[in-house]
Every structure is written in structure tokens, then in C-alpha cells.
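> Letter by letter, the chains look like this.
Protein chains: 2
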Amino acid sequence: MNRARKTAISPTRDEDYTEWYQQVIRAADLAETSAVRGCMVIKPWGYSLWENIQRVLDGMFKATGHQNAYFPLFIPLSFMQKEAEHVEGFAKECAVVTHHRLEAGPDGRLVPSGELTEPLVVRPTSETIIGATFAKWVQSYRDLPLLINQWANVVRWEMRPRIFLRTAEFLWQEGHTVHATAEDAQQETARMLGVYADFAERYMAIPVIKGEKTLSERFPGAVSTYSIEAMMQDRKALQAGTSHFLGQNFARSSEIRFSDPSGQDAYAWTTSWGVSTRLIGGLIMTHSDDNGLILPPKLAPRHVVILPLLRKNTNRAAILAYCESLAQELRALRYKGNPPDSLSEDETRIPFDDDQPLQVELDVRDASGGEKVWSWIKKGVPIRLEIGQRELEGNTVFVGRRDRQQSERVSQSRAEFVATVSAQLDDIQHGLFDRARRFCDQHTQRIDSKADLYDFFTPKNRDKPEIHAGFALSHWNGQPDVEETIKNDLNVTIRCIPLDAPEEEGSCVLSGQASKRRVVFAKSY
Amino acid sequence: MNRARKTAISPTRDEDYTEWYQQVIRAADLAETSAVRGCMVIKPWGYSLWENIQRVLDGMFKATGHQNAYFPLFIPLSFMQKEAEHVEGFAKECAVVTHHRLEAGPDGRLVPSGELTEPLVVRPTSETIIGATFAKWVQSYRDLPLLINQWANVVRWEMRPRIFLRTAEFLWQEGHTVHATAEDAQQETARMLGVYADFAERYMAIPVIKGEKTLSERFPGAVSTYSIEAMMQDRKALQAGTSHFLGQNFARSSEIRFSDPSGQDAYAWTTSWGVSTRLIGGLIMTHSDDNGLILPPKLAPRHVVILPLLRKNTNRAAILAYCESLAQELRALRYKGNPPDSLSEDETRIPFDDDQPLQVELDVRDASGGEKVWSWIKKGVPIRLEIGQRELEGNTVFVGRRDRQQSERVSQSRAEFVATVSAQLDDIQHGLFDRARRFCDQHTQRIDSKADLYDFFTPKNRDKPEIHAGFALSHWNGQPDVEETIKNDLNVTIRCIPLDAPEEEGSCVLSGQASKRRVVFAKSY
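Top line first, the protein sequences correspond to chains B and F.
This note's numbering numbers the first residue of the first sequence as 1 and each following residue consecutively.
This note's numbering numbers the first residue of the second sequence as 1 and each following residue consecutively.
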């Protein structure tokens with residue numbers, strides 16, 4: 001930490017939110033830009049966070065009957081063209097392979113050679129290539145439902161890349177399922193949206209709004225798109241996961257047909273759904289503070305870090321031995337965690353609970369105590385234990401929690417800490433969730449007139465141009481022209497039509513026409 | 001099974017080995033070719049096998065101090081060109097991205113557009129792009145060793161693709177490490193070769209020969225390449241994993257430099273090592289028989305399948321309930337497994353033991369008992385339990401083991417089976433390994449003259465043109481011209497110079513010149 005300042009991250013959120021985000025990523029050693037335009041390098045600390053996200057989501061997908069498989073990276077151009085809306089939606093961001101070797105050019109430098117008869121698109125998403133395979137797998141109603149997931153990299157050429165949030169290449173999972181009826185496919189779409197919401201809230205500690213997208217924000221080729229939307233600390237919305245009901249659109253373009261029990265031939269109904277490394281961006285922007293990353297314990301690569309303080313005139317060997325035995329004792333524990341009270345009664349929750357050994361790091365690097373403490377604060381580890389001569393003598397631990405100030409550390413007996421570590425982690429997990437939910441509630445307003453809406457989204461504080469107003473819950477007549485006007489005037493869009501919004505008589509905030517339900521307006525990533 | 005035949009797979013290994021391999025993959029539902037030339041679709045059963053391979057190897061990598069990270073899919077052409085031998089080695093098989101969008105051409109059809117100023121190669125391997133990043137990460141000797149692994153897809157354009165063995169796109173892991181001294185890097189190269197050998201033998205039940213590659217088979221840009229080589233059932237060699245000591249070649253081309261403790265600046269020493277989905281091809285060709293796949297229990301996606309036999313006049317509900325409770329009882333067990341006696345004293349083994357819940361499938365599909373039994377035989381599940389009225393009444397299970405004939409099934413009391421299932425799985429695991437080792441031993445010969453060598457590799461049996469002789473252990477003078485002659489004459493290469501070959505005076509099998517050590521000659525994949 002720069003001791004002349006009060007925070008480890010410079011600039012702070014208030015000073016320059018965009019730059020603060022980049023600096024948190026740098027200080028926590030999560031990722032960095034690469035030499036390839038728009039492609040990021042995910043560093044070990046960031047990747048281990050992604051591994052934890054993968055482990056939990058994969059468990060949830062399997063608990064809901066899905067199996068993993070793997071499909072080609074490349075999509076023949078003709079496949080992309082089978083679904084007109086689909087290809088139109090992705091045409092501007094496709095990386096295209098046109099050659100399959102290199103050979104020496106006239107000046108001796110290598111140039112692409114061996115031109116392909118048909119160009120190959122690097123998958124931006126896999127509906128078309130997976131659809132071609134599913135057409136072979138699905139013959140009869142007995143083959144349905146077909147519930148497949150793929151963990152993969154995808155490429156969408158980005159003009160304004162931003163690490164984790166918008167990168168040319170990103171890692172994700174994409175679920176692709178086939179059903180005999182529209183109802184089954186719609187249920188699947190809703191089920192997976194529910195899995196994403198449950199994962200966001202119980203594991204990432206990010207409160208989300210589940211809702212349907214308007215036509216203009218729909219996935220290219222989908223009949224309907226649903227998303228989970230979260231409020232970041234700059235009060236912009238982040239679309240954190242999407243689930244699409246594809247109707248029979250892709251079944252028709254890929255010829256996914258089946259014979260029903262009566263022997264009739266019919267097109268199937270499909271869905272797709274995905275979350276990506278963008279989730280890490282959402283996690284950073286929901287919880288981090290001006291001292292760096294704050295990790296929800298259920299996804300933290302390390303739950304506890306032990307920091308031996310080996311000052312002069314201390315019994316170094318004895319302190320190290322104490323730390324070693326403490327680490328061993330803690331590593332024998334498991335951390336499962338309980339959902340926050342506010343969520344515990346949700347009966348739609350997926351019956352999957354991740355349970356893993358407590359992850360404990362013993363930091364014996366040759367560096368000053370202060371330097372080490374601050375490196376772990378910036379990395380977001382939930383609990384730090386500083387262990388010096390006093391702890392050794394008193395059989396205690398000096399506990400620092402990442403959700404509290406460094407000045408609020410407390411001494412606990414070793415036995416008490418070991419007995420309560422799981423509960424303390426839960427307390428941090430629930431505290432992060434509750435804080436994020438309060439933040440979202442505080443910055444969400446019901447707005448009923450155009451004047452108020454325009455005022456709400458007009459920047460008030462010139463010193464904080466990047467901190468926005470939040471979410472406006474307003475009535476909308478369902479017409480695209482209203483969306484377009486608001487987008488043009490305010491750079492604000494309808495993030496979603498919330499699924500749990502109560503039916504309510506009202507009038508459209510812009511047109512004054514009748515409306516049955518409020519939607520979420522916000523600036524967004 | 002075709003009841004007119006005696007085997008479930010047609011053709012048999014003896015009849016047509018290549019086609020048998022394809023048919024085993026099809027019958028076990030492991031993978032299939034895709035619409036994209038040379039790219040495969042890995043189906044759920046094949047992918048779950050890959051997930052198990054990943055889980056164990058990942059555990060071994062972490063137990064040896066490595067961390068995972070993720071680097072870009074694309075490599076700028078100029079990066080590939082930095083290491084001359086490297087780019088020469090891969091130039092003929094590079095997929096090249098030249099455009100970043102699609103737009104409507106004159107006839108309205110989409111064509112590539114937005115030409116890149118520098119073409120991007122889809123990674124065939126990542127030394128150059130990772131090297132560029134490592135140059136930033138490594139500054140001082142304190143940053144070393146840097147031990148990184150990546151799980152990723154890579155693309156090497158293949159003219160003669162063969163599923164799992166040679167595909168244009170495949171999945172793999174690639175380790176990349178940086179060290180302060182040549183000795184450290186050489187030790188790492190050897191350590192990871194050891195991890196691969198240990199994994200192959202203890203988990204895949206595939207005996208392997210660890211050895212060094214000759215110059216002609218070296219990784220492009222490496223100082224030395226080591227591999228594990230296994231004998232398939234057609235007695236050809238499969239290179240199943242490689243570990244490269246890269247010297248300072250890539251450190252120089254990527255400028256990976258560090259200051260040593262005395263403040264002197266020096267180039268670092270690097271290694272790389274990888275295994276891929278090719279391992280699945282090796283597993284299939286080592287263990288499978290004319291009835292389909294045989295899975296080593298330690299990697300099997302399911303250890304036990306329970307098959308209720310619901311014939312007429314049986315108590316269906318009671319049989320199902322019996323099967324359900326049996327499945328529950330078995331799922332509460334864990335399967336860890338012990339190494340075969342023949343391997344248990346290897347002190348170089350990595351201290352990692354995978355331990356997982358017993359994986360049990362209850363097959364309640366609406367199909368005949370025979371159909372279901374044979375589908376699991378073809379899928380290679382180690383233990384099948386057929387449960388009918390007799391088992392229900394006797395509180396027994398009717399046990400079929402995949403390493404024995406279907407006619408050799410035995411009845412066991414339920415309690416005895418539950419108590420011994422782990423030992424039975426170990427027995428299968430060790431039996432597969434021992435059988436494969438005997439097979440390799442039987443078809444390995446010490447050959448000391450050119451005439452004998454040429455005779456050994458000359459096909460004898462016109463009816464089995466695809467079944468070869470095996471491995472010849474012969475002396476070699478270390479000269480490339482000898483290798484070339486033998487390759488041209490026999491299509492046989494030196495697979496490796498075994499690390500554990502005893503030093504022994506001899507004379508080169510072709511040139512008669514002095515030689516200190518035998519090498520392995522074989523036909524190969």
C-alpha cells in the first residue's frame with residue numbers, strides 16, 4: 001500500500017471507476033491483456049476462480065440431468081448461414097479461417113497458403129454446428145430430451161475489449177438441449193435461468209433480477225431470451241447469464257426432427273444457455289473495494305491465509321511450526337456453507353451443494369509482514385491469520401476479515417477459531433450478499449413520468465461521471481420505438497422484463513399508453 | 001450383438017484392425033466425425049472419460065507444484081516466426097485466421113471481410129504466445145521456477161485424420177515452465193515424463209517405455225524430447241505423451257530473461273510437456289476386445305451398472321426397489337484403488353491418489369435384458385450386476401466382469417459383493433495392466449542383425465496385413481542416415497532411446513558401428 005494514501009487501489013471507485021476496475025484486476029493478479037488484440041491472459045489466481053465457478057456450475061448441470069460433450073471449434077460458413085437472423089447477429093464479429101498452412105512468400109516471410117474451399121468461422125456460439133450433430137442423434141421421441149453442455153472457448157471480435165467483460169476470446173459453457181414439445185423446452189429455459197440465478201446468489205453472492213429480454217436484446221435466432229441482471233457498484237447493469245428458448249428455428253435450419261409416439265414426424269424444440277468468464281468481471285465489480293478484490297468464500301481459491309510474522313527477536317522456528325500445525329488442522333476441515341437466511345426457503349433451488357476441503361495457504365515468502373498482509377487483502381482472501389510471538393505464546397490467532405477494515409482485527413483462541421471458521425466464512429458470504437442486495441435496492445427507483453426518468457439518468461455529480469443512477473422500474477407499452485427513443489436520448493436500455501414483477505395497471509413512461517408491468521431501465525455493460 | 005456372430009464388434013481385430021477401432025468407438029458411443037473436416041465430436045461417454053483423465057492429471061500437476069492459467073487461442077504470425085525450427089515444424093498444418101467479419105458479397109452470399117493486418121495462427125501449441133507473456137512475468141531469480149499448465153484446444157491441420165489419434169482439433173494440456181538453470185529445467189522435463197508414465201500405468205493400465213526421441217523425431221525447437229511409448233494390439237507404437245527440454249531456444253526468441261542473485265542478467269531455461277485426447281485412442285487400442293471397449297476401473301465413468309431383469313411373471317416393483325437400494329448402498333462407497341503389486345515399490349511416484357465415490361448406473365431403460373447387457377459390455381463398464389427374481393429372493397447379485405466372458409458370470413451374496421467391490425475393481429485394473437504388459441513383452445524382441453530386423457518387420461500373415469511384429473530392441477550408432485534407411489525400407493522408426501536401457505556393448509544393427517545402448521524400433525501411429 002502506498003502509505004501516503006488511505007487505499008491500496010489507486011484510483012478509487014469514486015475517482016475513476018473504469019481505471020479502478022483495471023487496477024483491482026492487476027493488484028489481485030487475476031488477468032492481463034495479451035499481445036493478441038482483445039484476447040486476455042487469465043493468470044493463475046483468476047483461473048483458479050474460474051475453476052471454482054466451473055466446478056460448482058458443472059455440479060449443478062449434472063444434478064439437473066445434463067451431460068458434457070465437445071464439438072468443433074470451427075463452423076463452416078454455410079452452417080452459419082442456415083439461420084438468417086443468427087448469422088446477421090454475429091456477422092460483424094466473426095474470426096474467419098481461410099487457409100490451412102503457411103509458406104514462404106516472395107520476400108521469404110511466411111504467408112497464409114492452402115486456401116480452404118469453404119471458409120471456417122471460429123465459433124462465436126455453437127447452435128449451428130451442434131444442431132447439425134443433434135440432427136443425427138435425434139430420431140425418435142425416445143431420444144428426447146437431449147440435455148448437453150459444452151465447456152469451451154469462443155471468439156467474438158470486439159472493437160472495444162475490456163478484460164473479463166468484453167474480450168475477443170472468452171471461456172464459457174453453452175448448454176444445448178432438444179425437446180419433444182414447446183412446453184418442455186420452455187421449462188428447460190426457465191430451469192437453467194433458475195440455476196444461473198441460484199448460482200449467482202448462493203455462490204457469487206450477487207443478487208440478480210431474472211427477466212425476459214425485449215425483442216431488441218434477444219439472442220439472434222431465439223424466440224425468447226431470458227437473463228439474469230446484476231447491479232454493479234457504478235450502478236450499471238451487467239447481464240450475467242442468458243437462457244434462450246429457440247422454438248423450432250434452429251431445429252428447422254438444422255433439420256432436427258423426430259418421430260413422435262404415434263409415428264408422426266415433427267421438428268424438435270431447442271434451447272441454449274450460457275455463462276462466461278464475464279462472471280468474474282461481475283464478481284469484481286459487485287464486491288471489491290478501494291483496497292482490492294473481495295472474494296465470496298464459496299468461490300475463493302483460498303479461504304484462509306496464514307501469515308507468520310517473523311520479526312527480530314522472535315522464535316522463528318516455533319512460530320513456523322505453530323503455523324504449520326495450524327494449517328494442517330484447518331486443511332482437515334471441510335467448508336460447505338449454508339445459504340443466507342433470506343434465500344433458504346427458495347424451493348426451486350437445485351439440489352446441489354458444493355462441499356470442499358478448507359483451502360488454506362501458508363505464506364512463508366521472504367517479504368515484510370505488511371507487504372504480505374496487503375498482497376492478500378488485494379487478492380481478496382476472506383480470512384487472514386497473522387501469527388507472531390504473541391499468538392504463539394497465547395495459543396491464539398489474530399484474525400483479519402476481508403469484509404472488515406484491517407484495524408478491526410481480533411484475537412481469538414486457536415480452538416475457538418478452528419471451531420468457528422466455517423461459520424465466520426458463512427458470515428462473510430452472507431454479509432457480501434446482503435450488502436450487495438441493499439446497494440441494489442437503494443439505487444432502484446420506481447419512476448412514473450418521462451421527466452423523472454430523464455432526470456434520473458442525467459448525471460448530477462460532475463466529479464463522478466462514471467457513477468450512474470441505478471435501475472429505474474417503469475411502465476412500458478411494449479413498443480420498440482419507445483426503447484429506441486430512450487436509448488438514443490439517454491443511452492439507457494430495458495435490461496429485462498422481470499419475471500416476478502407483479503401485474504399492475506400503469507401507463508408507459510414515455511407514450512402514456514396502458515401497461516401491465518414495470519420493466520428495468522438502466523445503463524449497462 | 002449379432003447372434004449369428006460370436007462377437008459384438010464387426011469386423012474383429014484380426015479381420016480389419018483399423019475398422020475394428022472405428023467400430024469400437026461407435027459401439028461405445030465415444031465420439032464421431034463432424035461436418036468439419038478432421039474435427040471430431042466427443043460424445044458424452046467419451047467426454048466423461050476425458051473428464052476423468054483431466055481430474056487425475058490435474059491433481060498430479062497440482063501435487064507437483066503447477067498452477068493452471070489460460071492463454072490466447074490465436075498466435076500472431078510474427079510470433080511463430082521468432083523460432084525458426086519451430087515455425088518450420090508447424091507451417092504445414094496451421095489454420096490461419098485472416099479476416100474478422102463477414103459481409104454480403106456480390107451474389108448476396110456472405111464472404112470474409114475486414115482483413116487483418118497480421119494473420120493469426122490458431123495455436124498448434126503455445127510456446128511462442130506463452131513465451132511472450134512469461135517474458136513479462138519473469139524478472140528475477142525470485143520469480144523462478146515458474147510452473148504453469150494450460151488445458152486447451154489446439155489445431156493441427158491433418159491430411160489423414162483418424163478419430164482420437166490424429167484430428168485437426170484436439171483437446172490437451174500443455175505445461176510450460178521456466179527455470180534458472182539447465183539442470184532445473186532438465187529435472188522438470190524428467191519429472192513430468194515420470195508423471196505421464198505413472199498416470200499411464202497406474203490409471204490407464206497401459207505399460208509404457210520412457211525414452212528420449214532421436215533428432216528426427218524431436219519437437220520443433222526443442223533441445224531434447226522425451227516420450228512415453230505404448231504398444232497397441234496391432235503391435236504398433238503409440239506416442240502417448242511428450243516432455244521437452246527447450247534449453248534457452250524459446251527464452252531467446254521470446255526474451256525471457258532474469259537477473260540472478262548476483263544481479264547478472266541471463267536467459268532462462270524452459271520446458272514444455274503435453275498429453276491429449278489421443279490418450280483415449282491409446283486406451284481403446286490397448287484394452288478393447290472383439291466385444292467392444294474395456295475400461296480400466298480407475299478411469300471408468302461408471303464402475304458398476306445395475307441391470308434389473310423385468311421379465312414377465314416377476315415382481316417388477318420389488319426388483320426395482322432392490323436395485324434402487326443396492327445402487328444407494330454402492331454409491332455411498334468410495335473407490336480409490338491400490339497400484340498393482342508390480343508397481344507398488346516405485347519411489348518416484350507422484351504422491352497423488354485419486355479417490356472418488358463409486359460411480360453406479362441403474363439402467364431402467366425400456367429395452368430387453370440382452371440388449372441392455374450388451375450395450376454396457378460395448379461401453380466397457382467394469383462390472384455388471386444382473387438382478388432378477390432369483391437375486392431378489394436370494395438376496396444376491398449376478399456379477400459379470402468386463403475382463404471375463406459373459407458366460408463366466410457368478411452369483412454372490414449382496415453383502416459379499418458390497419464388501420469386495422473395491423477389491424474386484426482393483427483386480428480388473430491390475431489384470432488389464434498385467435495383460436497389456438505381457439502382450440508388450442511377448443512382442444518385443446532383441447534383434448542383432450539387419451537380416452533379422454528386416455525379417456521381423458516383413459509381414460508374414462497375408463490375412464492380417466494390419467497386425468505387425470512389435471518392438472525390436474536393437475543397437476544403433478546414433479546416426480540419422482541409419483534411421484532414414486530403415487524408415488524408407490520398412491516404414492519403421494526409432495520410437496525412443498529407453499531411459500532405463502542398461503549400458504551394453506554392441507554394434508549398430510545396420511552399420512555395424514559400435515553402440516552402447518539398444519533403442520526401440522517399431523511401426524507407429
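There could be a bad hint or two in this list.
Note that the list lumps identical chains together, so a pair holds whenever it fits in one copy or between two copies.
[As the list claims (entries may be wrong)] Derived pair list, reagent style EDC-like, types lysine to aspartate or glutamate, alpha-carbon separation capped at 16 Å:
{"id": "1", "residue 1": "K464", "residue 2": "D489"}
{"id": "2", "residue 1": "K136", "residue 2": "E32"}
{"id": "3", "residue 1": "K464", "residue 2": "D16"}
{"id": "4", "residue 1": "K312", "residue 2": "D58"}
{"id": "5", "residue 1": "K136", "residue 2": "D29"}
{"id": "6", "residue 1": "K92", "residue 2": "E115"}
{"id": "7", "residue 1": "K92", "residue 2": "E505"}
{"id": "8", "residue 1": "K336", "residue 2": "D452"}
These are computed hints drawn from the structure, not numbers from a lab.
> Does each hint hold? Answer for all of them.
Okay, the hints, checked on the actual structure:
1. For the homomeric pair K464 and D489, neither the shortest alpha-carbon distance inside one copy (20 Å) nor that between copies (77 Å) is at most 16 Å.
2. In this assembly of identical chains, K136 and E32 lie within 16 Å of each other by CA distance solely across copies; the values are 11 Å between and 41 Å within a copy.
3. With identical chains, the CA atoms of K464 and D16 are at most 16 Å apart within one copy only, with a shortest distance of 7 Å there and 73 Å across copies.
4. Within a single copy, K312 and D58 get their C-alpha atoms no closer than 48 Å, and across copies no closer than 40 Å, so neither meets the 16 Å cut-off.
5. In this assembly of identical chains, the alpha carbons of K136 and D29 lie at most 16 Å apart only when taken from different copies (13 Å versus 45 Å within one copy).
6. Only between protomers do K92 and E115 lie at most 16 Å apart by alpha-carbon distance; the minimum there is 12 Å, versus 22 Å within a single protomer.
7. In this assembly of identical chains, the alpha carbons of K92 and E505 never lie at most 16 Å apart, being 41 Å within a copy and 67 Å across copies at closest.
8. When the C-alpha separation of K336 and D452 is checked against a cutoff of 16 Å, the pair qualifies neither within a copy, at 46 Å, nor between copies, at 65 Å.
When held up to the earlier numbered hints, the structure conflicts with 1, 4, 7 and 8 and fits the remainder.
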